[in-house]
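Novice: Using my numbering, the first residue of the sequence shown is number 759, and each one after it goes up by one.
If you're looking for bench data, these hints aren't it; they were derived computationally from the structure. Each hint should be verified, as a subset may be incorrect.
[As the list claims (entries may be wrong)] Restraint ranges, calculated between C-beta atoms of paired labels, are given here:
1. Ala-773 / Leu-802: 40 to 50 Å
2. Ser-821 / Gln-790: 13 to 23 Å
3. Ala-773 / Ile-831: 21 to 31 Å
4. Glu-833 / Arg-797: 17 to 27 Å
5. Leu-767 / Glu-794: 19 to 29 Å
6. Leu-802 / Gln-777: 30 to 40 Å
7. Asn-807 / Pro-837: 55 to 65 Å
8. Asp-844 / Glu-789: 16 to 26 Å
9. Lys-829 / Leu-774: 39 to 49 Å
[Claimed, not checked] With a Cα cut of at most 25 Å, we get these calculated BS3-like pairs of lysine-lysine:
10. Lys-829 / Lys-776
11. Lys-776 / Lys-765
12. Lys-762 / Lys-799
13. Lys-792 / Lys-829
14. Lys-762 / Lys-776
Note that the structure is predicted; figures quoted are calculated from it, not measured. We put the CB at the ideal spot given by N, CA and C, even for glycine.
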Amino acid sequence: ELHKDSKYLKLADLALTKQDDEIHLLNRTLEQQKLEIERLKGVLQDLLNNGSENEQNVLLNVSEQLQRVQKNIHERLSPALTRIVDNRIPYVQQQEDSIG
Numbered sequence: 759e760l761h762k763d764s765k766y767l768k769l770a771d772l773a774l775t776k777q778d779d780e781i782h783l784l785n786r787t788l789e790q791q792k793l794e795i796e797r798l799k800g801v802l803q804d805l806l807n808n809g810s811e812n813e814q815n816v817l818l819n820v821s822e823q824l825q826r827v828q829k830n831i832h833e834r835l836s837p838a839l840t841r842i843v844d845n846r847i848p849y850v851q852q853q854e855d856s857i858g
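Using the sequences and the accompanying hints, generate a full structural model.
Specialist: Structure, rendered in structure tokens:
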């Protein structure tokens, strides 16, 4: 019985460590997105300040930054959130099964 509990605790600890890794990845990606948004604000401010002479370059820059943000959300944030949720549900169900 004790050996079984020890094995269960090791598995639970491993699952939580994996979730922690996913959360750290998610946090780093969110921080990157914040930086991209700040850069985008700067580019938009340049557009407002400089008028139409540089407008095409500024709009191209804005478009590229928006594409980077979308790519990060699609390739990193969404999968990370999905993995966290998918891993969490079986863990919670296991806990409930062991209690009830």
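Novice: With reference to the structure, classify each hint as holding or not holding.
Specialist: Cross-check of the supplied hints:
{"no.": "1", "hint": "Ala-773 / Leu-802: 40 to 50 Å", "verdict": "holds, 43 Å"}
{"no.": "2", "hint": "Ser-821 / Gln-790: 13 to 23 Å", "verdict": "holds, 18 Å"}
{"no.": "3", "hint": "Ala-773 / Ile-831: 21 to 31 Å", "verdict": "holds, 25 Å"}
{"no.": "4", "hint": "Glu-833 / Arg-797: 17 to 27 Å", "verdict": "holds, 19 Å"}
{"no.": "5", "hint": "Leu-767 / Glu-794: 19 to 29 Å", "verdict": "violated, 41 Å"}
{"no.": "6", "hint": "Leu-802 / Gln-777: 30 to 40 Å", "verdict": "holds, 37 Å"}
{"no.": "7", "hint": "Asn-807 / Pro-837: 55 to 65 Å", "verdict": "violated, 38 Å"}
{"no.": "8", "hint": "Asp-844 / Glu-789: 16 to 26 Å", "verdict": "holds, 24 Å"}
{"no.": "9", "hint": "Lys-829 / Leu-774: 39 to 49 Å", "verdict": "violated, 29 Å"}
{"no.": "10", "hint": "Lys-829 / Lys-776", "verdict": "holds, 24 Å"}
{"no.": "11", "hint": "Lys-776 / Lys-765", "verdict": "holds, 17 Å"}
{"no.": "12", "hint": "Lys-762 / Lys-799", "verdict": "violated, 55 Å"}
{"no.": "13", "hint": "Lys-792 / Lys-829", "verdict": "holds, 14 Å"}
{"no.": "14", "hint": "Lys-762 / Lys-776", "verdict": "holds, 21 Å"}
Figure legend: structure checked against the earlier numbered hints; hints not met, in rising order: 5, 7, 9, 12.
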